[in-house]
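Line by line, the protein sequences are chains U and X.
When we follow the working numbering, the leftmost residue of the first sequence carries the number 19, and every step to the right adds one.
When we follow the working numbering, the leftmost residue of the second sequence carries the number 16, and every step to the right adds one.
In case anyone wonders, no lab produced these hints; they're calculated from the structure.
One should not assume that every hint holds.
[Unchecked claim] Residues from chain X that keep clear of chain U, each with C-beta distances beyond 12 Å, as calculated:
id: 1; residue: Leu40
id: 2; residue: Lys43
id: 3; residue: Glu53
id: 4; residue: Glu117
id: 5; residue: Glu124
id: 6; residue: Asp142
id: 7; residue: Phe173
id: 8; residue: Asp181
id: 9; residue: Thr293
id: 10; residue: Pro316
id: 11; residue: Val326
id: 12; residue: Ile335
id: 13; residue: Phe336
id: 14; residue: Arg339
id: 15; residue: Ala381
[Stated by the list, open to error] Here are a few chain U residues that face chain X, going by a calculated C-beta distance under 7 Å:
id: 16; residue: Thr110
id: 17; residue: Ala482
id: 18; residue: Lys484
id: 19; residue: Leu486
id: 20; residue: Thr492
id: 21; residue: Val497
Beta carbons: idealized from backbone N, C-alpha and C, even for Gly.
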Amino acid sequence: MSDANNATTAPNSALAAERAEDEYTGPMLAADGTPLKRSLNRALRRQKISALLLIAPLLIFVLVTFIAPIADMLFRSVENQIVQDTLPRTTTELKNWDSEGGELPDQTVYKSLYQDIYVAQERKLHTRLGSRLNYELTGASSLFRKSGRGVDDIGEVYQDQFEDLNAFWKKGENWNDVLGSDAWLAAMNDWKKASGDAQPPFEMRDGIADILPQTADYYSIFADFVQNEDEDNLYKEDPWPLIYSAFYDDLTGPTAEQVATYAGPGATELAEAAAAAPSFATVDYMDAFADIDKDWVELPIWQTIATYSPKFTNGYFLNAVDMQKTPDGPALRPEDERIYWTLFKRTLFMSVCITLSCILLGYPIGWILANLPARTANLLMILVLLPFWTSLLVRTSAWKVMLQQQGVINDTLVWLGVVADDSRLALINNQTGTIIAMTHILLPFMILPLYSVMKTVPPSYLRAAKSLGATNWTAFWRVYFPQSVPGIGAGSILVFILSIGYYITPEIVGGRTGTFISNRIAYHISSSLNWGLAAALGAILLAVVLGLYYAYDKIVGIDNVKLGG
Amino acid sequence: MADTSATNAFVEFERVQKSYDGENLVVKDLNLSMPKGEFLTMLGPSGSGKTTCLMMLAGFETATHGDIRLDGKSINNIPPHKRGIGMVFQNYALFPHMTVAENLSFPLEVRKMGKSDREEKVKIALDRVQMGDFGGRRPAQLSGGQQQRVALARALVFEPELVLMDEPLGALDKQLRETLQFEITHLAHELGITVVYVTHDQTEALTMSDRVAVFENGRIQQLAPPDLLYEEPENSFVAQFIGENNTLEGVVKEIKGGTCLVQLDGGGLIEAKPINVTQAGERTRVSIRPERVEFNKDRMPDGAHTLKAEVLEFVYMGDIFRTRLRVAGTDNFIIKTRNAPDQVRLKPGQQIEIGWLAEDCRALDA
Chain U
19 MSDANNATTA PNSALAAERA EDEYTGPMLA ADGTPLKRSL NRALRRQKIS ALLLIAPLLI
79 FVLVTFIAPI ADMLFRSVEN QIVQDTLPRT TTELKNWDSE GGELPDQTVY KSLYQDIYVA
139 QERKLHTRLG SRLNYELTGA SSLFRKSGRG VDDIGEVYQD QFEDLNAFWK KGENWNDVLG
199 SDAWLAAMND WKKASGDAQP PFEMRDGIAD ILPQTADYYS IFADFVQNED EDNLYKEDPW
259 PLIYSAFYDD LTGPTAEQVA TYAGPGATEL AEAAAAAPSF ATVDYMDAFA DIDKDWVELP
319 IWQTIATYSP KFTNGYFLNA VDMQKTPDGP ALRPEDERIY WTLFKRTLFM SVCITLSCIL
379 LGYPIGWILA NLPARTANLL MILVLLPFWT SLLVRTSAWK VMLQQQGVIN DTLVWLGVVA
439 DDSRLALINN QTGTIIAMTH ILLPFMILPL YSVMKTVPPS YLRAAKSLGA TNWTAFWRVY
499 FPQSVPGIGA GSILVFILSI GYYITPEIVG GRTGTFISNR IAYHISSSLN WGLAAALGAI
559 LLAVVLGLYY AYDKIVGIDN VKLGG
Chain X
16 MADTSATNAF VEFERVQKSY DGENLVVKDL NLSMPKGEFL TMLGPSGSGK TTCLMMLAGF
76 ETATHGDIRL DGKSINNIPP HKRGIGMVFQ NYALFPHMTV AENLSFPLEV RKMGKSDREE
136 KVKIALDRVQ MGDFGGRRPA QLSGGQQQRV ALARALVFEP ELVLMDEPLG ALDKQLRETL
196 QFEITHLAHE LGITVVYVTH DQTEALTMSD RVAVFENGRI QQLAPPDLLY EEPENSFVAQ
256 FIGENNTLEG VVKEIKGGTC LVQLDGGGLI EAKPINVTQA GERTRVSIRP ERVEFNKDRM
316 PDGAHTLKAE VLEFVYMGDI FRTRLRVAGT DNFIIKTRNA PDQVRLKPGQ QIEIGWLAED
376 CRALDA
C-alpha cells in the first residue's frame, strides 16, 4: 500500500520539523534576523503596489463615473432641502403650528410666506418648489406659479402709501443713501459701469440694522440680488415692494422709537414716514393670499409644506411603495393611485418568466454546443453571438414587425388557418411581447455560461452512469444536470439582473401592460423630472436585486456559480 | 488467431468492423473470444483501435459490421445500461457532486435495491479496496490512487460478471501503479470476474494479464499469454512493441529443418528460427532479445554463429548493465547483462564477439 506508506512518512517529516521549531518559541525569523512576517510583507509590498497601480486607472474611472453618480442619485431619494431653502421663514414659523388642529396658520405665517415667495419669485425659484410639492399635492405647481405673480400686489399697498407721502421713497438712490454706508456710497460714486470694474458690494450703514432691522435685512437681500444675480447698477434700481412692507413693519414695530436716533441722510423724510406710518392702511396677508388662490386658506397645502419642511424625507420612498405621508403618519394611497407595487411585482414576475424561458431554450443549445466537435461548435457559437452584432434597437424593432397584429407571425398563422382573421393574436404591446423579445435578446447571456460549464463536464460521466445501469434520463438527471447547475445559476443571475433593469425593449414592445419599473424610473428622470422618486424607485430596485442575490447565495451558494473553467 | 470457435466463450467478437467516417476502418475484421474469468488486455499504440473495441463492448459505440456476443447472446442492439458491464474509466469518472458512498450506491439505486441492502453492499465494496473510512468524502478530497480504488469499487459493487477497464492507471505515478496493478489482478481472480483491460503500457499488460491482444492498425497482431508474446512474437511489430528488441535486416539464404540461414545486409551470416519466412530469397527481419545475447566466450553456446561487435556505450542501470554495440552496420544493438559479481563491464571501444542460440533468434516478416 504505497498510498498508506506515503501517508505515514509525510507526518513523520512534519513532526520532525515541528520538533525543531519547538526549541525556538518566538516568532519565525528570516535569515537576517528580522521577523519572517515582516520580511515577507516587505517582499509582497512591491507586488501589491504594482497591482494597485495597474488597476488604478480603472478604479478611478469607475469611482468617478459610476460609484459617485450612483451615490449622488441615491442621496436624492431622501434629500429634501428645497422646501426649507425656498421658504426659510415660513418653515420656521410653521414649526409652532399644529397641523392636525384643523385650523389655518396665523397671520405671521402668511406674512413669512409673502416674504419667502416674494424673494423666491424674484429668483425664479418658486416654480421649482411648486413642482416639487406637486409630487405630493396635485395643484401645488400652479398655486405657486399664481402666487408668484400675485405677491407683487401685496407689497404695493405700502409702496404706494410711502410714495404718496413723499416722492423721496420712490427712488432707489435715496434708499441707498439711507441704508448704505458712507464708504460704500463714495465707492459707488467713483464706480462707472463702463469701466468694467466690479461693482462695489453693498455695505450696510453702521447702526441702521438696529433702527430698521427688517428693512435692512431685505434690502441687503435685494442689493445682493441686483448686484450679483441681475448684475445691474444698484443705484438705478428701485426697491422691491417687499422692502416697503418691511419698512412699514419697522416703523410700526417695537424698534419704531429708535428712528428718532437716526441722523444720516434722509433723516427728515424718515421721521416724517415714522410719524405717518401708524395711520397707513394695512394689508391682511391671509386675505391677500386667499385672493390669489382659495387653496391658501385650505389645510392641505399647509399640511404638505409642514410635512416636507425637514431637510430629509422618507416621502419619496413611501411614494415608491404606493404610500403617502399623512398627518397620522404613513398610509397606503387610495387603491386607484397604487401603481408602483404592481409594477415591481410585474417586473419581478416577468423577469422570472424571461429567465425560465432562457433556461428552457438555452439548455439544449448549450448541450449541443458542448458536445459537438470544436469546428461545428464554433460555427454554431457564431450564430448564437450573431444577435450581439446587431443593434439592440434593430432587433427590438424587428420583433415589432414580427409580432404586430398585421405582422409576419399573425399573417402566417392566419394563412395556415390556425387563427381566424378577425381574432389575430395580440403578441405585442403587452407582456407577451416583452417576454418574447427580451428572451430573444438575453438568450446569449444564458447560453454562454451554460456552454462554458457544460464544456467542462467530461462525457465520460454520462458513460459511467450508463455503464452503471442508469437509463439515459437517469444518467442525465442524476449525473449531468447537477454538474450543469452552476452554469444555470450563472446564466440565471445574469439574465435575471439584466432583465429586471431592462428599459429599451419593454419601452418599445411593452405597450401599457408590458412595461417594467425601469420605464417608470426613466419617465421620472426625463419627463416628470421627479428625480427624488426615480432615485427612491432605483434604490428599491437595487435593494431587491441585492436581496435576491443574498437569498441565492444562502440557498444555492454563490461559489456554485461558474462562468466556465 | 486463437480459439475463435470456443463454445464456452463468454465474450465474443465476430468479424467486427468499425468506421467513424465511412472511409477508414478503425477496427478491421476483429475476431476474439474470451472464456469466463479471463483477464485479457488489449495492448497497442494510440489509435490502434483498442479503445474503440472496448467502447463497442460497453455499448457506447456501435459496430459498423459484425457481431458482439456476451454469454452467447448478441448485444449489438442492447443499450449500455442494460448490458450489466462494469467499467472503470481513465479519468475515474467519479461523480463529483456525490460522496464516495453515494457514487457506489448509484448503480444499486438505479437497480431499485433497498436502502439497507445498498448500504451493506457499499460497505463491503469499499472495504474490499481498503477505502472503508472514506465513504463520506467527495471524490475531489481523495488522492488519485484513492479515486482509482473507489472507481474500481463502483464498477464492482453491482457484481457484474464482466468489467472493462480503460487505461485506469494511466494518470498515476509508477510506484502507485505497480501496487494497484497487483491489487486489480488479485481482486479479479478472487471475485472470478472476466476483465477486459486496455492499456498502452506493455509492462502493465505483461504483468497483469492471462492473455494479451496486441493491436495495431485496427487488427489484433497477436493474441497470446504474456510469456509467449514476449518470447515468441509472431511478427516484427509484436517483437518491436513488446519489450526491448534487436533487429537485423537481411535475406534468407536457405531454409532447412527448424532453422534458416540469413545473410545480413550489414555483412555476416547468422542462423535463425524461421517464423514468417517460407522460402530462400525472401527479405526478413531477424529479432533477438538483448538478454539472450552472449559475448562471454566461455558461455557461448556450441555451434552458435558469432558476429563481430564494437562497444559504443555502457550504461549502469543498477540491476542490469545495458551496453550499446555496433553490429553488422547498425549502431543500435543492445545487450543486457545481469549485475553479478563475476560480470564483465564492457568499455566503449572494446571489440568483442557476440552470439546466441539459433532458437532465440527469430526470422520475421520484413
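Hints, one by one, checked against the model:
1. Leu40: holds, 20 Å
2. Lys43: holds, 24 Å
3. Glu53: holds, 20 Å
4. Glu117: About 10 Å separates glutamate 117(X) from the closest Cβ of chain U, which leaves it inside 12 Å; violated.
5. Glu124: violated, 8 Å
6. Asp142: Holds: least Cβ distance 14 Å, greater than 12 Å.
7. Phe173: Phenylalanine 173(X) is in fact no farther than 12 Å from some Cβ atom of chain U, at 7 Å.
8. Asp181: violated, 9 Å
9. Thr293: holds, 46 Å
10. Pro316: holds, 41 Å
11. Val326: Valine 326(X) is indeed farther than 12 Å from all Cβ atoms of chain U, at 38 Å.
12. Ile335: Answer for isoleucine 335(X): holds, closest chain U Cβ roughly 23 Å.
13. Phe336: It holds; phenylalanine 336(X) is separated from chain U by about 28 Å at its closest Cβ, greater than 12 Å.
14. Arg339: Label holds. Min Cβ-Cβ 33 Å, cutoff 12 Å.
15. Ala381: holds, 39 Å
16. Thr110: At 67 Å from the nearest chain X Cβ, threonine 110(U) fails the 7 Å test, so the hint is violated.
17. Ala482: Where the cut-off is 7 Å and the nearest Cβ of chain X is about 4 Å from alanine 482(U), the hint holds.
18. Lys484: holds, 4 Å
19. Leu486: With a minimum Cβ separation of about 4 Å from chain X (threshold 7 Å), the hint on leucine 486(U) holds.
20. Thr492: Since the shortest Cβ distance to chain X is 6 Å, the answer is holds.
21. Val497: holds, 5 Å
Of the numbered hints listed earlier, those contradicted by the structure are 4, 5, 7, 8 and 16.
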